[in-house]
Amino acid sequence: MKLYNLAHCRTGDKGNSLTMSVIAYKQEDLPLLVEKLTVDVLKQHLEGIVLGKIERYVLESIGAIQFICHQALDTGVTTSLTMDTHGKSLSYSLLELEV
Amino acid sequence: MRIGVGTGFAGDRIEPAEILLEKGNLDYLVLECLAERTIALAQKRKLANNNLGYDPLLEKRMRSLLPKLANKKTRIISNMGAANPIAGAEKIISIAQELNINVKVAIVTGDDVLSKLTDNYDIWESGKKLGDYEEILSANAYIGAKALLDALKSDAQIIITGRVADPSLFVAPMIHEFGWSLDELDKIAQGTVVGHLLECAGQLTGGYFADPGIKDIEGMATLGFPFADIDSDGTAIFSKVEGTGGELSLATMKEQLLYEVLNPHAYYTPDIIADFSKVKFEYLKKDHIKVSGVSAVGKPETLKVSIGYNAGLIGEGEITYAGPNAVPRAKLAGEIIRTRIGHLYSDFRVDLIGLNSAHRKEFRDTDPYEIRLRIAGKTNNPNYASLVGEEVEALYTNGPAGGGGARKNVVELVGIVSTFIDEQEVVLNTLFKECNSNETV
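Protein sequence lines correspond, in order, to chains A and B.
Just so it is clear: in the first sequence, position 66 is 63 by my numbering, and no numbers are missing.
To convert, count from 1 in the second sequence and add 34; that's my numbering.
Keep in mind that the hints were calculated from the coordinates and are not lab data.
We put the beta carbon where it would ideally sit given N, CA and C, even for glycine.
A few of these clues could be false.
Taking lysine-lysine pairs in the BS3-like style, the calculated list, with each CA pair at most 30 Å apart, reads [as the list claims (entries may be wrong)]:
#1 A:K50 <-> B:K395
#2 B:K314 <-> A:K33
#3 B:K333 <-> B:K187
#4 A:K40 <-> B:K320
#5 A:K11 <-> B:K187
To be clear about the criterion: a stretch of chain B counts as covered by chain A if any three or more of its residues have a C-beta under 8 Å from a C-beta of chain A, and this derived list gives those stretches [said to hold, decoys possible]:
#6 119 to 133
#7 291 to 303
#8 453 to 463
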């Protein structure tokens, strides 16, 4: 099933880095998300968008995973030529993932 | 004590702040109006006119809020001063005089560190030196809660600043009201999460959250902004004014907790390095959430500085193709433009809006009815910048069939990079201006 059915997501920007939070609707789904949403899976899914490394933090207390994607905003929010310079809509690209 | 937030960014709506001030029974109303780039743009306005450089909506906001502030205990704290807090305060005083309202404004300065930086400073993002960047427009240090304490000790009802770190705008009144020492790190960390959650205003109450049928939020048109009732240990109960739209739930709080956080175990502000990873959210009743469990992992030794520089120009052009075979016609148009002028630009994009522009690639195969072609090129040459739109417009008679609605645009780019400065280099100052019985002191 799509990640969209199990979790919600919000992105944020810092310079040329993008933060992506994945929050399970149900706490009991967190282990599945931790298993499926590896750094490698994300790297593959966001190939061509995220050019730098990806870091992952698991937050048990709120049933969430935080990804930090480096070099993800086409030189950064202030100088990018892209339409969505902040990467705000990218949260929904993650929700397309099959888990 | 109760702190509400009336703006989450420079362009935010004004009505929720009016409602908070009228019905929120607040001790403090924070108006957070500075994003990363906002202050550099303000610096450009100040360079053009020394009386400007504060938030463009300051006048509109203060005309609305000043009459509602009179005879209330609520104090306003805002970074609407942007690049020019003194001019911003003078503007507030002139509005107060005009409306015949008594008010005292405290101005906190010291964030502008342009004169302190030398070419040798390391640029964090690129590994280059500051001297490698042409035409530096601004350098503003993120100053902390400490900067606001003298202003808070005074009887000023409005405190206006420039680049104070967003959470610090909220932490400062907590330090002031509860008498925390700056070494009570866990309390300041807990206060910092309260400020971090509040700082984007509507994003905590269902704004930027709603997804029809999946994450439904009621009353989006009348979205209310949040406030927090904060205890002397920094734990807080978040809520919003009864009757306003939106929702304050565990889900909205979780999304905002992680927003723009680069490391949940070490969230840096000028005041603290906080650990958000063990935060505890408790649902008390509808639209009431308690937050606790945040502690400190340390204290930063330097302040971050945002440097604005002239990053050249972007030329843009757009045109629409619709109906059968719209995508191939738009793609052909894009190829034509790329062949004609693409080589003139340091960076060049061809986007098909409705197909691949938002995420720079196609996640699904689709056959949209209409496609908007968008061309963008980056350059330092003003002629090349305007050429992008001219060439796109020329597709009318030099491109594929059926293109319509061409638009063109050139924007000046202000880039932002960061460095770090020793806290001792930053000289804080607090000034006062007052409108009293129609007399300015």
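Could you work out which of the previously given hints the structure breaks and list their numbers from low to high? 4, 5, 6, 8
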